[in-house]
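Chemist: Go by the hints and put chains B, C and D onto chain A.
Chains as they are written, first to last, in the numbering used here: chain A, 121 to 582; chain B, 121 to 582; chain C, 121 to 582; chain D, 121 to 582.
Keep in mind that the hints were calculated from the coordinates and are not lab data.
Intra- or inter-copy, both count: the list cannot distinguish identical chains.
Below 20 Å or equal to it, Euclidean Cα-Cα: the simulated EDC-like pairs (lysine to aspartate or glutamate) are:
#1 Lys-186 with Asp-174
#2 Lys-464 with Asp-387
#3 Lys-464 with Glu-557
#4 Lys-270 with Asp-348
#5 Lys-268 with Glu-243
There are 4 protein chains.
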Amino acid sequence: MDKPREECGIIGIYSKNRNVASDIYFGLIALQHRGQESCGIAVNRDREISYYKDLGLVNEVFDAKKLSELDGNMGIGHVRYSTSGSVMRENAQPLVLRYLKGALAIAHNGHLVNTKKLREEYEQGGAIYQTTCDTETMAYTFARERVKSKSIQEAINASMSKLTGAYSVVVMSPKKLIAVKDPWGFRPLCMGRKGDDIVFASETCALDCLGVKFERELDPGEIVIVEDGKVTSIRDNCADARNHVCIFEYIYFARPDSVIGGRLVSDARRLAGKFLAQERPVDADIVIGVPDSALPAALGYAMESGIPYEEGFLKNRYITRTFIMPDQSSRSLAVGLKLNPIKKYVEGKRVCMVDDSIVRGTTTQKIIKSLRDAGAKEVHVRISSPPFLWPCYFGTDVPSRKELVAVNQTLEEFTKNIGADSLAYLSVEKLGLLLSEGSDGGYCRGCFTGKYPVDEIEGEGI
Amino acid sequence: MDKPREECGIIGIYSKNRNVASDIYFGLIALQHRGQESCGIAVNRDREISYYKDLGLVNEVFDAKKLSELDGNMGIGHVRYSTSGSVMRENAQPLVLRYLKGALAIAHNGHLVNTKKLREEYEQGGAIYQTTCDTETMAYTFARERVKSKSIQEAINASMSKLTGAYSVVVMSPKKLIAVKDPWGFRPLCMGRKGDDIVFASETCALDCLGVKFERELDPGEIVIVEDGKVTSIRDNCADARNHVCIFEYIYFARPDSVIGGRLVSDARRLAGKFLAQERPVDADIVIGVPDSALPAALGYAMESGIPYEEGFLKNRYITRTFIMPDQSSRSLAVGLKLNPIKKYVEGKRVCMVDDSIVRGTTTQKIIKSLRDAGAKEVHVRISSPPFLWPCYFGTDVPSRKELVAVNQTLEEFTKNIGADSLAYLSVEKLGLLLSEGSDGGYCRGCFTGKYPVDEIEGEGI
Amino acid sequence: MDKPREECGIIGIYSKNRNVASDIYFGLIALQHRGQESCGIAVNRDREISYYKDLGLVNEVFDAKKLSELDGNMGIGHVRYSTSGSVMRENAQPLVLRYLKGALAIAHNGHLVNTKKLREEYEQGGAIYQTTCDTETMAYTFARERVKSKSIQEAINASMSKLTGAYSVVVMSPKKLIAVKDPWGFRPLCMGRKGDDIVFASETCALDCLGVKFERELDPGEIVIVEDGKVTSIRDNCADARNHVCIFEYIYFARPDSVIGGRLVSDARRLAGKFLAQERPVDADIVIGVPDSALPAALGYAMESGIPYEEGFLKNRYITRTFIMPDQSSRSLAVGLKLNPIKKYVEGKRVCMVDDSIVRGTTTQKIIKSLRDAGAKEVHVRISSPPFLWPCYFGTDVPSRKELVAVNQTLEEFTKNIGADSLAYLSVEKLGLLLSEGSDGGYCRGCFTGKYPVDEIEGEGI
Amino acid sequence: MDKPREECGIIGIYSKNRNVASDIYFGLIALQHRGQESCGIAVNRDREISYYKDLGLVNEVFDAKKLSELDGNMGIGHVRYSTSGSVMRENAQPLVLRYLKGALAIAHNGHLVNTKKLREEYEQGGAIYQTTCDTETMAYTFARERVKSKSIQEAINASMSKLTGAYSVVVMSPKKLIAVKDPWGFRPLCMGRKGDDIVFASETCALDCLGVKFERELDPGEIVIVEDGKVTSIRDNCADARNHVCIFEYIYFARPDSVIGGRLVSDARRLAGKFLAQERPVDADIVIGVPDSALPAALGYAMESGIPYEEGFLKNRYITRTFIMPDQSSRSLAVGLKLNPIKKYVEGKRVCMVDDSIVRGTTTQKIIKSLRDAGAKEVHVRISSPPFLWPCYFGTDVPSRKELVAVNQTLEEFTKNIGADSLAYLSVEKLGLLLSEGSDGGYCRGCFTGKYPVDEIEGEGI
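This is chain A alone, in the form it adopts within the complex (with noise of 0.2 Å):
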């Protein structure tokens, strides 16, 4: 689909006895949707990390035999989309080495926007890199700073000066399990417990379905050390950090029943469907939603514009990540596999159809073409964020703007296009409200706005 993607979705558990790597697993097919290319599980048991990662869904890397292997009584796992243009396996996550002190495994969800220099840096003192991804420039400033530092926490803390991006990590040396959050606090990190085991997660949703209790999101710039069961703080790089959530996470990556920022994600994007119709009201017979993500701004529109709701498609659950067109011809046909259209719902209506974002375009006037074949009068499409007009430096995959629609065509020409009676997206001024009420209000919105909370990007003038 014509979407934006996550670059990955991180956990970390310590227990006192119990092996955790079937928790981990649990965990990562909880957040299965924030990566689907790679996945991968590292445990430690008595210092000596066990790991495996290779391409595919997490059910489909791992199985009873793999689990089996994995002891240990604490661990991470990783779930990872590429964005380089070639899947490598080489570069699946957890991030496992050794160094000075050890073995280290780190699991990283964001990306670094300073790390060229910092690599320069870095090979002109004789370092080699095995992988593309800028985890592995984190890595050797931890192992880097370790060598004058008296701990992995010290030396992780030194290393926060020197990282600038995004960077929800979680760290395992050989007696610790390390949760990080970086001072702009881009992408979600929390904290969990049930009796004496803690749970880092990218979202409440994992914990939810390993019925771990959520205790809290880590601050931005946040350093939490778990050692023997007792969990100690960092807060060093707390002090200037403020909260930069990226909005897209509520806008469409998280899952639904996740709570960020002490706002139900499902919650928001009912509000910026309420907020859109607000905004950008329409004369319809019915309210629909692009199914999945779009169905909560669906609703929220609806009832706020008192329009009815109805289920417009029927989204066919055998499409998977596997599924491909047998031949070139027969590629006009996917979307309608994929999403059909509800006729006797449709059929004679003024539709308002919500969606929550628009990349490209190509799909979304497919869908329209087809609510007009079921025979819907009208297609009005609403959507519940603004315009990708930017690029994303920390950790999201938007295309590059030649590729986005709403840089190369007017509102005009793109309504046009894809054969849309109407065509409206919410206002960037509406973001912020997204967020709950007491929180401090702080999230990037780079991708709408081209102004980002870091004071440099690589080869970017900000």
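Modeler: Here is chains B, C and D on its own, set in the frame of chain A:
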């Protein structure tokens, strides 16, 4: 999940010149919900039948290469869920065979109830059986009648007086594509056209995904023959025939966007919810449905009762058929992994949870517990169908009576055992109202009443 | 390689109490050279037959899990090379079926020459065919005779007068394990014992690998029945029967360590080399064989001629069945990759290269070129069998006559085309001497002479 | 089987314009005997390195599609047997990395003995390790020297004074293909040409299969650089270097058709047999070899002793790497399944059985038993190498001393335990005679004598 299982879905396509393998593939993807264990496609080019079938989902069994090897301007396809304990590759369909008059391919949805007698007769003549499917007995009947008949359609026509039970079938001979519905009309089978193409399919959703216009359903007892692009019909067995469509197609089996007997399946489910609300009202704060199948019934219940409809669960779309729990001890997590209650929506609420059916009841118990863990104050269960009390002999996999919770526990016991505050079912009397008003009103509800529309079932004195 | 292909290998094992699946598996591994396309095992425990078969080598199709699911104290196994252009999974054996008297499993090596007539007769009675194997017609014959017979062995006995052609068969009924050899004795089939276990196998090498003591070969026309551990024999069809064992079993098909008709196969090949040296001497410095099959013949040639035997080629053992040339242009490398001439041994030498047979001649040409490239001064080719001139109807895959080089080119042309200095074959007259002296001397050499031991072959007026 | 294992084979190809991926693939197929656990290919087109590597045999890991994705006019390849207990995909080679000067790919055969010290030094500078291969330390050494050097070849040259141990290596930089042999010359590495193409390979058999003409072996300590088609050599480390080629390459590792140090490997083995016959004669009726590796030694023994050489065993070619015994109880059958004694040739005979080496002795015991079961009257074992008594630190996987039968049992005990009538080894003194007469006569025999050609091995005081 704790549901009966449909056994099969079928499709048949005739085109003047086009290669139809891709279309059959797409149609089977649309019918995948009717059977996930095996699938197959047989095509015919100039009287030569080629085919491929195997265990697995449609997009696992077929890839571009396999489809490109299936060349033909007519063909049939099948998806199957096997009812026997062991999954046998040999039982995958279409059944492709050679007999006196060349090749024949058969795809069958339904189940015969008099094969034992027929089989004994055929075996006395030296017949050998290579599958455990009743379809093989049907094939023998066709072949034996063919010896005495002028054409395959006459052979089928003659066979129909010998075959008792459910059989919606597509048959492909060297020159013809034939669709057959048994005189009781147990299983749906419809017909559509697009230009010169003629398509038969179990459900209209398969027509939709191919852009084919629905023409009509086959009548009970009808044989439709396509030869050289001309469509003819044999109706000798229609005279005393009457529709007894499986009511569970409306309640659970068919895809919500399919239309059966003039009734949109999704609407039938909403109606079931509406009648349930009338018959079995409850004092609750919200109505939620168990995804995905019970959502329309929940919506119907909510609309009729005036109680707000809420999204109660997040369903994990990555828990697929191949997902396997790594160990026994983790089984209890399975339901929570698949369905996560959305705490914010259910916490502190009196919940009316609508589901469409209960077989063994074990899953329901776990779902109720998860709602309570999420803070639901009360959980009232409403089932949009009557309790299962009897076996189905006509192509549905209902477990044996000793496994049916409604047979083995009183309503009070069951309510208590699953931890519900109340539990109620739709009455048998309302079932007929789910059908469209213009329909002849015939349907089979044998699994609820023990009364079946055939005179005799082998081994059972009805 | 440029060789005819054997179609099948079979094994059957009866044990009092032991599970025999593993033994059948091992036996099939030992018989793998007789067929590499598909394989299968059927076992019987208390009259219940379970089985598994698929395309692939024995150790690809079966693993520990699959074998553990095959529980039975008797069973049969099959390896197959299919002669039809398309590899059909449906044709894999054992053929397992149900008929009047319960289950029956059949594993067949050979080929019938009168199935067309039988099949028409059966189809007139309404028979259906699900494979393209003649074995299915054999099964129908058994099933039809069974209706009139008191036991399966009597049905088989009666069937034998109806079946013309090659059939070494093992059959498993609910209570019996039965081995059958056709009255012409085309294909080998032997019997051995180990304690109470009774084993039938295509070749003695399968007995050896199981530590089973060879007892005897079946006689042409004999039926051996094992029931409750007792062995009996029906010899009604033995009276006029006479051995016509395929001479190519000695020349190429059978494993060198097998004993057929009292003759060690490796010795038969050495003898062929010896006779070849007598008939077709050459003035050369060394004798080399084309690995692996022609090495014994080369040794025989060398010993008889007094010319030193040398290791001429290194055969790469990692070029397996699944090895695929990456592109068309690299095809020419294939032979060199598989067979590397050992330069030091052939350089500057007049080489006598012994091979056991030539079908199309293309490979021979490449091998000769590689010898010349390695510095061989002369290359004299000696073939330890006569030229292929006629089809085989009895279970061997010899290409059609238009592909046989001996049919299409004179000896002079062929010698020149492949770049040999001389080329000579063993004479037809010597073939009989390959058999053991104590044997009755019967064998089939139809592929060399066009004279076959049966009266009529369908479609051929002999 | 009971053999030491070679760790690796390498190949590097430079071509002006041609794509070399297929050639590297073919070369690796020819070198497959040097490592069967993992393999990989890296190619370079216009400074861009692309690569693929995975666990498995060469023709399992690569297919036409994978090869077509590897586009480049130079490249390197690697086959590997891993010595660590767990097979790590991460350790597959070529090691491809990015460093100060762009990309670098390394394929290494051998083992370093001073990586511990180097690694500590590098880790003190913040180095991270992602594999458990010593090759990664070599890469760091290259990268660190590169910072101070004008070119990659100078960096390698400077690195060589820091690296102790065995390393035959091919390196590919953005513009160059470089081959390196350590100053001790432990592992073979040769060079050939075909037109403008230049090929480096572990063994000459890889040149043969590509039709490439052997030019010469690299000298110990030599660096050969190919840039823009020009070949240059750096010989700074050759001055004090001397060949210490692993004598076990001649005895067992290398392919018989390869030439090392001017000696055909097959001839070296025949010589070993000849010397063994001189030193350890036996009164026997036949000499047989254990296939395949000991056949040349057996032939040499037979020719020298005048005792007839006989084919003692049939080796089943279908028992491959992936063959797995279905259950524990069937383990005892494994040897017999793989090697079947040819009864007719050994029955009643006094057998001299030649093998090339014994590590643990368990397999030998089973083979002897199988010969006795086949009727051998006496079994005299002759080993064409001295007893293993010491570890190998230079790239061979000899088990730990406590597993070596020659360390733990006296010759008398061992002879008795394996059931041999006599047992004798080749003397250490004869090893030097296996080399070609024109060679400088240097070789390593440390595994037999405990004396190694390097001054210091980490953790071992030599």
